[in-house]
Each structure stands twice: as structure tokens, then as C-alpha cells.
Amino acid sequence: MMATRFDRWLNTLGAWTLALIWFLPLIYAVWTAIHPGAYATRFELFAPLTLENFSNAWNAAPFARYFLNSFLLVTFILIGQFVLCTLAAYAFVRFTFPGRGILFALVLLQLLVMPDILIVENYATMRKLGLVDTIAAIGLPYIASGFGIFLLRQTFKTVPKELEEAARIEGAGPLTVLWRVYVPLAKPTYLAYGLVSVSHHWNNFLWPLIVTNSVETRPVTVGLSIFSSVDQGVDWSIINAATLMTSGPLLIAFLLFQRQFVQSFMRAGIR
Amino acid sequence: MTFLKTMTTTLSAAALLASTAGSALAVDLQFFFPVAVGGKAADTIQALTDEYAAANPDVKIDAVYAGSYQDTITKTLTAAKGGTPPQLSVILAVDMFSLIEEDAIIPFDGLAKTDEDKAWLTSFYPAFMANSMTGGKTYGIPFQRSTPVLYWNKEAFKDAGLDPNTPPATWEEMVEFGKKLTKTDSNGNVTQWGVRIPSSGFPYWLFQGLTTQNDVILANDAGNKTNFDDPKVAEALQFLVDLSVKHKVMQPGIVEWGSTPKAFFEGQAAMIWTTTGNLTNVRDNAPFDFGVAMLPANKRRGAPTGGGNFYIFKDSTDEQKAASFDFIKWITAPEQAAKWTIATGYVAPRADTWETPAMKDYVAGFPQALVARDQLEYAVAELATYQNQRITTIFNDALEAAITGTKTPADALKEAQAQAEAILKDYR
Amino acid sequence: MTHRREWIYAWLLLSPALVLLFAFTHIPAISTIWDSFFSTPRGIRPSKFVGLENYEKLLMDDTFWQVFWNSIWYAVVTIPVSVALALLMAIWVDGKLSGRSFVRLAYFAPTVLPLIAVANIWMFFYTPGFGLIDQISGALGYPSVNWLGNPELALGSIMVVSIWKEAGFFMIFYLAALQSIPPVLREAAAIEGASRWTFFRRVTFPLLMPTTLFVSINAVINSFRMVDHVFVMTEGGPNNASSLLLFYIYETAFKFWDTAYASTLTVVLLVLLSVIALGQFLLLDKRVHYR
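Residue numbers (the numbering used here), protein chains in the order written: chain A, 1 to 271; chain B, 1001 to 1428; chain C, 2001 to 2291.
None of these hints come from the bench; they were simulated from the model.
Using N, Cα and C, we set each Cβ at its ideal position, and we do this for glycine too.
There could be a bad hint or two in this list.
Pair ranges (Cβ atoms, derived) [stated by the list, open to error]:
no. : chain 1 : residue 1 : chain 2 : residue 2 : range
1   : B       : Gly1365   : A       : Thr17     : 33 to 43 angstroms
2   : B       : Ala1322   : A       : Trp179    : 30 to 40 angstroms
3   : B       : Asp1109   : C       : Gly2156   : 49 to 59 angstroms
4   : A       : Ile79     : B       : Asp1221   : 55 to 65 angstroms
5   : A       : Pro184    : C       : Phe2281   : 46 to 56 angstroms
6   : A       : Ile79     : B       : Thr1084   : 20 to 30 angstroms
7   : B       : Ala1054   : C       : Gln2135   : 24 to 34 angstroms
8   : B       : Asp1426   : C       : Gln2135   : 42 to 52 angstroms
9   : C       : Leu2052   : B       : Thr1084   : 43 to 53 angstroms
10  : C       : Ala2084   : A       : Ile79     : 22 to 32 angstroms
11  : A       : Gly171    : C       : Arg2004   : 17 to 27 angstroms
Residues of chain A placed beyond 10 angstroms of chain C at every Cβ, according to the derived structure [stated by the list, open to error]:
no. : residue
12  : Glu44
13  : Gly101
14  : Leu163
Build the full structure now, drawing on both the sequences and the hints.
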């Protein structure tokens, strides 16, 4: 009995220590953001508080526009992924056709050869298409997602045949069956996949950096990176205020939905 | 009848179109600039462009902050290759060769039509023009130009028993002062370093201060031959390494550029080398009395120039080019340049700017601002070659290898010279 | 006839996804390989076939080898550590723990923060002298360490940030898996007097095997894809000590504009990823029980 109590105490201690270390960067960001620049590296309990860093950051760069761009980008990608991956996954599950195995292998290949590493060629393609410096160019390479097709295919496979047959007896065509039977049953997968996709693309940096040149298309990450360039010295207070402003929405969203999030992963069978 | 009717409608429509086009002669310009935002610098750029736009209602200027110098050149070249370059941009003076090689920019000479324009082209400090001309043509107009200077903490000097008003004049003095200024705590850990010469990102720039003082030039004017393996370069590098290793007056390893002003404010370093573009930042934020001095001398005084020039891009209409030219002429004129210099610390690029009342007032209250200008007399062109990005990367890697002790200065430089040679031999 | 209609239907459903997949993954991958046999077009000199010249240059390129081994080390360290930590975290927040929702939030927070932004915070932690780590270690009497400015430490410092960023993300997958293990199993094991460790080793861990496979494939991909913090913290320095393959590809392509050589580097990355994925699959596949 002693041993288990000690064991539990040890685990709690370990879990909390790790949690504090993991939270430290965020705590520091909050500290610097609400104190004047002089206290960015000095930690005194009674340092004066200020909101000036936020207003300075907000006024210094068009964050509202960056925000809008990121929002448009993430929405565009998410809708595109949902539609395209659903159709493709459905085709793989519901139909038999020549080349199915090879095509699925090609889809899986994208798990490995992700667009992120093909920056040179994809940039050339965007140039040829005249899409450089558009939000579409940031999103397009990610829309047909091998990961999404794979996940949805796994989920669709678990849909009982009886349900589908019942629907078909009522005279529903393949698309109606997809919409009425498959999609509703895969809701948790959509939620889980959607969250992963949103957090990935909200935070994606390298490809948007390459393919955008102007305020009208730059997502938040690229905006932040040029905002925090250090040629004239680093100013942590204002950078961190900007960081908090821009990642606040996602952080709050997770805070509110964390239970649903985990449950959707569970039910989606991503494990 | 119907035919005639159609004709007249078409003609009148065309006439209407032509007249609207005539009245709406608005020229759109996109302008990339690289100064840290949130500070006075970005505000000043914005204010100046607004002022220009107010005076010239037919010109619309979209000033876009494009990140660091590095970000800006990368972005601009990417945009130029993608067919959407800005019309004008402030980019490092040393990127001139890269921009020419990519056929992205045009010389100013063709745009200077009047005698006045031509005189204007020759009105800048020669030290700054060294990086702005090649083959007899002017490709860049100095604007955001700088030179490294030494900032020193007068209080720390006093505490160390040094005269707070005398900065080191030579390498020996810098070491000697540095030794007195380096303080350790009871555990033997250093709490204040004597000197800080940052070496992250682009160490070649401040290092070029040392090589110039050691009386050696790093590359030829044509930008197609480097001189990295000169024994005098190795000597300068050895001195830089020795500051940490032998004299122990500087933090060992790579010293971060971005946090250097902060380290100065926090009393972590009593003397720092950094750009004069930080002058206003230091003035506003240093919680102690500080001085600004020219870099110390060895065989001679010396420093590189640095910073950005205006460039005009090829892929624009003639109207845009003319408007860009006019804007650049306006913003580098004495009144505007004075505002810019006062807000940032960048060196006003023309002598007459220093004669404006605003500048005279400023300098009278803040004589430190004169140091950078006076240093121009000893300044040399910043290292610039063809394939500049690649050559400086090679050189930076060599410097970093020596600073971190992975290679000896002589070996590192010899290898760098061989690599640079392999690339530049095609350009002779 | 019905078969033919089914085929057409399936192809129609697939075509939008396939068009984009081919346009942005398969064709670029193949043209990357193709381009690696040509020279970079520069101004007046057009690109020409050079055979294996780019590969010869690659073998002679010291920077490439440095970056290559950096990437390998980066993968070898960050993948197992972040996966193991993720599992540990998941077990902790799955069990009874006071303040569980805070702990869970803390673990997950890095996933939500853009790496490009938090890299600045980490840079402050690592700053010698007045950075957080040095302030703490200085108070305890330890000497100052120049984490990012020392070639021996820079890569390690970068790895810590990646692990911090990744572990919480993987934790979610493990957590979902743990919560779907029937409690009956645990009760049965308790009755038989199995210790927690035995239970974990014999029951939990094997049941988590599919998750481990899934997570570690993700970890492999991310370990070659995540270079955002390198941009901010070291720019690959000192002397390429913390540079990674994708960062080097970016530099070569978009700083030096040597696209042919960048393609050659990309080919190496593709080969590397395939080899690792294949090895991983063979290694883990035997132990995964698919249901």
C-alpha cells in the first residue's frame, strides 16, 4: 500500500514537472507581453503591467489581414480536403475497379513524399500556373491529402454493409448513400482529421514563406516571422505579444473542446 | 445605317475609355523595405511615403515591410522570378551583383534625364557609392546605409577605473580595457564581458571591420575575386578568436547578433560592436550613459559600409520607373533624409543633409550621431561579389568554424578561398 | 456493363484527388529526379544535361555530408524520445491525476503555437548570460553556456525544441488509444496479481502497437519536415552544425538559386525517407496486430 501511494505521488510529481516545463515558454510569453520591454529578461514580482506591447504589435503589422489570410487558407484547405478525400476514400471502399491497388499505393506514397519537401518543383509549377502569391497556391498542394484519404477509407470500411443495402433498396444512388450513410457515421473522423489539419496549416511556415510575397496573401506564420526579424535587435516583448495574439484563438479552441477532441480521436479509431 | 451606328457607338466608347485612362494616370508602386517594425524606423518610412503620396496624388505607393535584409532579397528575387517584382525596393547594397545577374534591376543613369538629375546621382558620399556602381553605371541609391560603430557603457568604464570619456583607439587598448571591464562572480562565472562582437548570421560584416583595420581588402572591385587566404585576413581572424580564447574578454562561441543591444542594456557587455542603425534604439533604451566611437584601429582605421540601397526593377512600366525615380529622389533629399537619420541612426547619405537645421539641432544635442559619418572617411566597400549569397555563406561558415575552434583561422580561410575560387572563376 | 459503369463511377470520384496528387506530389517527385541530371539555368546559359555531375558534386560537398548526418541524428534522437514521452504523457493524463486538465493542456499547448513564433522564446531561454537557462543555472553556481553558439550543442538545443513541440501532439493519439482499452482487462490483471509494469508490458503496450506505428511514421515525416525553428534560432549555424536537409534545400534553391543542386538534394531526402519508412514498416509490422 505504501508502495502504491509512493508510486502515485512520484507519478504526479513527474507529470507536473513535465507539464510546467512544457508550459514555460507560454508563461514566459505572457510575462513579456504584459510587462514593459525593460523587464523582458528580468523577473521581478512587482514589475509594472502594461498592455502597450499588444497595441504596438497590432499597429506595427497588419495582423488583422494576416489573420484573415490564415483563416481563408485553412478554410479553403479543410473544405477541399473533406470533399476530395471523401470522394476518393468512397471510391476505394465501395467500388472495385482495375488499378485500385496501385492507385491506393500511390495515395499512400504521399504520406511519405509530402508536398513540404517538394518545394522547388512545386514553386516552379505555381509559377507556370501564374498562381504565385495567391492563397490558392499555398493550399493546393495539400488538398488531395494521402493521410485524409487513408483515414476516411479506414473509417468507411467499418460501415456495416446492411446499412448501405437498406439505403439502396430504398433506391438511393451511390452519392446519396455516401451522403446519407457514410458521411454521418464518419463524423468523429472528420472532426479529428479537421483539427489536425487546421492546426497543421495554421502553423505551416516554409511553403507559404516561399510562395507568398505580399500582405494580401501572407498567413500569420510568415507575417510573424518577418515581424520578428532581428537585424535591428530583438524585442521579445512585442514579438511575444504578437505570438499570443495570433495563437490565442487556437489555444482557446483547444481549451474549450479538449474533451471532444480526444473523444473524436478515440471514436475515429486513430490510435 | 446599322453599321454606321455601331461604328459611332464603338468610337465614342473608345473615346470615353481613352479619356478616363487619361484622367486616371495613377501610378501604382509597390515598395519593399527591410527595417524592424514596431520601432520608429518603420513608422518613419510609412510617414514619408504618406507625405509623398499626399503631395503627388497621382502616385500610389504601397510600402511593404519584407522582413530582414536576408528575407527581403530572397523575397524580391522570388517575386522577380515569379514575374511579380516590386517596382522599387531597399535591399542590401552588396546584393547589387546578384540583382544584375538575375537581370532584375535597371541602372539609374538611363532615368536621369536632366542635368539636375545627373548632378543628383553624384551627390552621395563616395564611400557609399563604392557599393552602388559597377561598370560605370549606378544601380543603387544609398538610403538605409550604415557602418559599424563601437558603443560603450560609461558607467561600466567608471566602475572599472577607466576614463568614461575615452573609448579604446586601438586593438591593444580594446583588449586592455576589456580585461578591466570583464567581471566575474564568486563562482568564477563572468557577469560582464569586456567586449561583444556578434558573429551569428552574417559574421563577415563586423569581421570586415577587423580586416580593414588590418589593412587588407577582401574582394576586388569587379566582384569576381576574393582574397580570403591573405595572411592579414588570418591575422585579423586570429585576433577575433583570441578575444575569447586568449584574452578572455569576449563570450566564447558564436555571439548572437539580435540580442546584442539587449546584452548591452542588461550590462552583459560593456562595449559592443554593432550597426549605427541601432543608435536610436540604444539611445532610447540604455538605462545608463553611453558613448559611441569609431571602431578601434590597428594598422589603420577602418570599417565597412553596410545597409541598403534603393533599386528600381526592370519589370515595370516606364511610368512606374519614372515615378520610382522621382520618389527616390524625393526621399533621399536633405529634409527627408534628415528625418530618417534622426529616427533611426542610419547615416544620411549626402553631405548637404547634415547642413539642414533639423540635423544641426539633432547633432548639437546628440553628438554621438556624428561618429558614423566621420568614420566614412576610413570606410571601405562592404564585401560584394557575384553569387554574393553563396560566397558570403562560404566565408561566414569559415569564420564560424574558426570562432568555435573547429578549424584554425588559416585552414578555414584557405578552404573558403578555394571554394569561392571554384565559383568565381567563371565570372572573370 | 454494370462493371464498366462502376469503373467509370469510381474513376470519376477519384479523379479530382488524383489530379492534384499527381500535380503536386508524383509528377514533381519524378521531375525532381529528372532535374537532378541537368544544370541550373542561369541568365544566358540554359540548362543542359550533365549526367551525374550534380551527384559527384554532392559527394564532394562537405556541407552536404554535415547536413546529412545532422538530419540522421536529428531523426534518430527526436523520433524515439518524442514518441516515448508522448506515451508517458498519455499514461499520466489517462490515469488519476490532480489537475489533469491543466496538465493535458500544458502538454498539448506546443502543438497549437506556431513553431516560427515560439522559436523566439526558446532563443531567449538559450541566450547566454541573461537567458532563462543561464539565469537559473547561474543562480545555482553553474557556468554560462552558449547553447546555440557552440557547434557541439546547437543541434541538441534544436532537438529539444522539436521534442517539446511534437510530444504533445503524439500524446493525443496515445490517449485516444488508451481510453479505448477495455477496463475489464485491467481488472482481470489486478485479480491475477499482475504488477502495473507487467500489465503495461504484456497488455497495454502490445495493444498500442498500431498507434505506435502510426505515430512513428508521423514522427519520421515531421522530423524531416520541421525546420521552422532553424530559420529563427541558428540559420543552420555555427558552420552548419545545426542545419538540416530541408533547410539546406531551401537555402540552395531560394538563396543561391541553384535549383538543379536543390533537386539533387531533394532526391537524397526522398531516398532517405523511403529507406527509413521501409525499415520501420518491416521492423514494426511483425509486432502490430491489425484488427
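| query | Any of the earlier hints contradicted here, and which numbers? | reply | Hints 1, 2, 5, 7, 9, 10 contradicted; others consistent.
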